[in-house]
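Protein chains: 2
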Amino acid sequence: MKLYSYFRSSAAWRVRIALNLKKLPYDCVPVHLLRDGGEQFSDTYRSLNHDAVVPTLVDDGNVLQQSLAIIEYLDETHPQPPLLPASPGDRAFVRGIALQLACEIHPLNNLRVLKYLKRTVGAGDDARNAWYAHWISSGFTALDAHLAASRRSGAFCFGDAPTLADTCLIPQVFNADRFNVDTSGFPTIRRIYDHAMQLPAFAQAAPGAQPDAE
Amino acid sequence: MKLYSYFRSSAAWRVRIALNLKKLPYDCVPVHLLRDGGEQFSDTYRSLNHDAVVPTLVDDGNVLQQSLAIIEYLDETHPQPPLLPASPGDRAFVRGIALQLACEIHPLNNLRVLKYLKRTVGAGDDARNAWYAHWISSGFTALDAHLAASRRSGAFCFGDAPTLADTCLIPQVFNADRFNVDTSGFPTIRRIYDHAMQLPAFAQAAPGAQPDAE
Chain D
1 MKLYSYFRSS AAWRVRIALN LKKLPYDCVP VHLLRDGGEQ FSDTYRSLNH DAVVPTLVDD
61 GNVLQQSLAI IEYLDETHPQ PPLLPASPGD RAFVRGIALQ LACEIHPLNN LRVLKYLKRT
121 VGAGDDARNA WYAHWISSGF TALDAHLAAS RRSGAFCFGD APTLADTCLI PQVFNADRFN
181 VDTSGFPTIR RIYDHAMQLP AFAQAAPGAQ PDAE
Chain B
1 MKLYSYFRSS AAWRVRIALN LKKLPYDCVP VHLLRDGGEQ FSDTYRSLNH DAVVPTLVDD
61 GNVLQQSLAI IEYLDETHPQ PPLLPASPGD RAFVRGIALQ LACEIHPLNN LRVLKYLKRT
121 VGAGDDARNA WYAHWISSGF TALDAHLAAS RRSGAFCFGD APTLADTCLI PQVFNADRFN
181 VDTSGFPTIR RIYDHAMQLP AFAQAAPGAQ PDAE
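Sequences listed follow chains D and B, in order. Sequential numbering from 1 applies to the first sequence in the numbering used here. Sequential numbering from 1 applies to the second sequence in the numbering used here.
The hints are simulated quantities; they were obtained by calculation from the structure and are not laboratory data. There may be inaccurate statements among the hints.
Straight-line C-alpha distance at most 30 angstroms; calculated DSS-like pairs for lysine-lysine [stated by the list, open to error]:
(1) 23/B to 118/D
(2) 118/B to 118/D
(3) 23/B to 2/B
(4) 115/D to 2/D
(5) 2/D to 22/D
(6) 22/B to 2/B
(7) 115/D to 23/B
(8) 115/B to 2/B
(9) 115/D to 118/B
(10) 23/D to 2/D
Residues from chain D shown here face chain B by an in silico Cβ test under 7 angstroms; the list is partial [said to hold, decoys possible]:
(11) 50
(12) 51
(13) 66
(14) 90
(15) 102
(16) 107
(17) 111
(18) 118
(19) 121
(20) 145
(21) 146
(22) 210
(23) 211
(24) 213
The C-beta atom is built at its ideal place from N, Cα and C for all residues, glycine as well.
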């Protein structure tokens with residue numbers, strides 16, 4: 001398997017966690033999102049990923065885009081350990097958390113969105129930092145309440161073993177810390193983050209542990 | 001089953017399409033996103049959906065959030081007709097398209113984002129309309145090329161029957177038209193849209209056909 005990745009991409013980090021949890025070896029192909037105007041915009045990379053985003057996974061003739069689709073694929077092709085629970089209701093709970101992070105928070109704080117805000121909307125540094133913090137804070141407010149209220153959550157988002165939901169949560173908390181967003185008001189999220197980062201599968205997938213880390 | 005919905009919400013429309021394709025009867029509970037500052041912010045609704053977004057599906061004691069998680073749940077609990085293909089590679093293709101729409105385009109043009117751009121960033125009407133069109137155009141450019149290049153696509157995004165991918169694509173095209181975004185440069189997307197809207201499952205899920213339509 002070949003993973004096109006960028007060390008700081010949280011979408012790529014999600015997939016790296018899943019690969020590590022399942023102990024699947026892979027070749028990491030770094031795609032530098034900033035160098036030379038962005039290597040993701042090259043014709044070569046776009047032929048694999050028309051949207052010019054990371055990650056892309058190439059496995060057995062399949063060229064796969066979108067981190068959550070890739071993780072579901074890995075879970076279907078390498079079921080152990082499972083990243084989704086067994087019952088449909090539990091699976092929807094886990095997917096719901098993953099999608100809340102992947103749809104309601106992360107897309108708004110993507111590199112290309114911050115660039116557009118700066119160059120086209122003309123938002124200054126303070127406005128962009130406030131934007132970044134706003135979407136994390138509002139999303140985490142909802143998610144922390146959701147996790148705290150659910151009988152399904154435990155040491156991780158669902159029960160006591162990591163799932164798809166945690167592959168999305170941990171990179172998002174790391175990003176919040178990196179941009180100095182105050183997350184002290186989200187104790188359940190912080191507890192899960194601290195617990196997950198004790199596991200090599202999460203820590204070794206972190207930006208600083210990647211071959212292309214700067 | 002009870003679906004908390006808003007006629008213009010494209011996330012709710014995705015689920016309405018899935019329910020119709022599977023011929024599942026449901027009670028529609030309208031949540032007006034604009035009236036009285038937004039009915040989604042009421043304590044009652046937030047107890048079902050901490051994120052204060054539609055849709056929410058209540059089924060058999062399960063309270064489910066996030067449209068794609070809900071559709072996967074419906075596909076697992078009511079497998080016929082399937083909304084995902086059989087092989088892992090094909091499933092990842094379908095999920096990848098659904099997620100590209102749900103993560104790269106739709107979140108940026110959500111009501112709450114447009115509100116924040118206006119009230120907090122101070123973006124005027126022209127800047128907000130340009131923002132709206134930009135994310136649709138850039139996303140559709142990638143998606144149209146992806147669909148046109150793939151041996152997997154047919155009358156629909158995958159083959160000749162509707163899948164999860166189409167439940168996401170059709171509402172997004174409708175929104176583009178509603179905001180006068182030029183989509184003439186995306187012939188494969190337009191062809192799939194025109195084809196899908198011939199089917200009652202899609203047309204009867206459209207905003208204008210909802211009990212709360214204005």
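Taking the hints in turn, this is what the structure says about them:
1. 23/B to 118/D: The given pair, whose Cα atoms are some 47 angstroms apart, is violated under the 30 angstroms limit.
2. 118/B to 118/D: holds (15 angstroms)
3. 23/B to 2/B: Cα-Cα ~14 angstroms, so holds.
4. 115/D to 2/D: The hint holds at about 29 angstroms.
5. 2/D to 22/D: holds (15 angstroms)
6. 22/B to 2/B: Distance ~15 angstroms between residue 22/B and residue 2/B Cα, so the pair holds.
7. 115/D to 23/B: violated (44 angstroms)
8. 115/B to 2/B: Roughly 29 angstroms between the alpha carbons, so the hint for residue 115/B and residue 2/B holds.
9. 115/D to 118/B: holds (18 angstroms)
10. 23/D to 2/D: holds (14 angstroms)
11. 50: At about 4 angstroms, which falls below the 7 angstroms cut-off, the nearest Cβ of chain B leaves the hint on residue 50/D intact, so it holds.
12. 51: Hint holds; residue 51/D Cβ to chain B Cβ min 4 angstroms, cut 7 angstroms.
13. 66: This hint holds: residue 66/D lies near chain B, its Cβ roughly 4 angstroms from the closest one there, short of 7 angstroms.
14. 90: Violated, because the Cβ-Cβ distance from residue 90/D to chain B comes to roughly 9 angstroms (cut-off 7 angstroms).
15. 102: holds (6 angstroms)
16. 107: Holds. Min distance 4 angstroms.
17. 111: violated (12 angstroms)
18. 118: violated (11 angstroms)
19. 121: holds (6 angstroms)
20. 145: With a closest approach of 5 angstroms, the residue 145/D hint holds.
21. 146: holds (4 angstroms)
22. 210: At about 22 angstroms, which exceeds the 7 angstroms cut-off, the nearest Cβ of chain B leaves the hint on residue 210/D violated.
23. 211: violated (25 angstroms)
24. 213: This interface hint is violated because 25 angstroms lies over the 7 angstroms limit.
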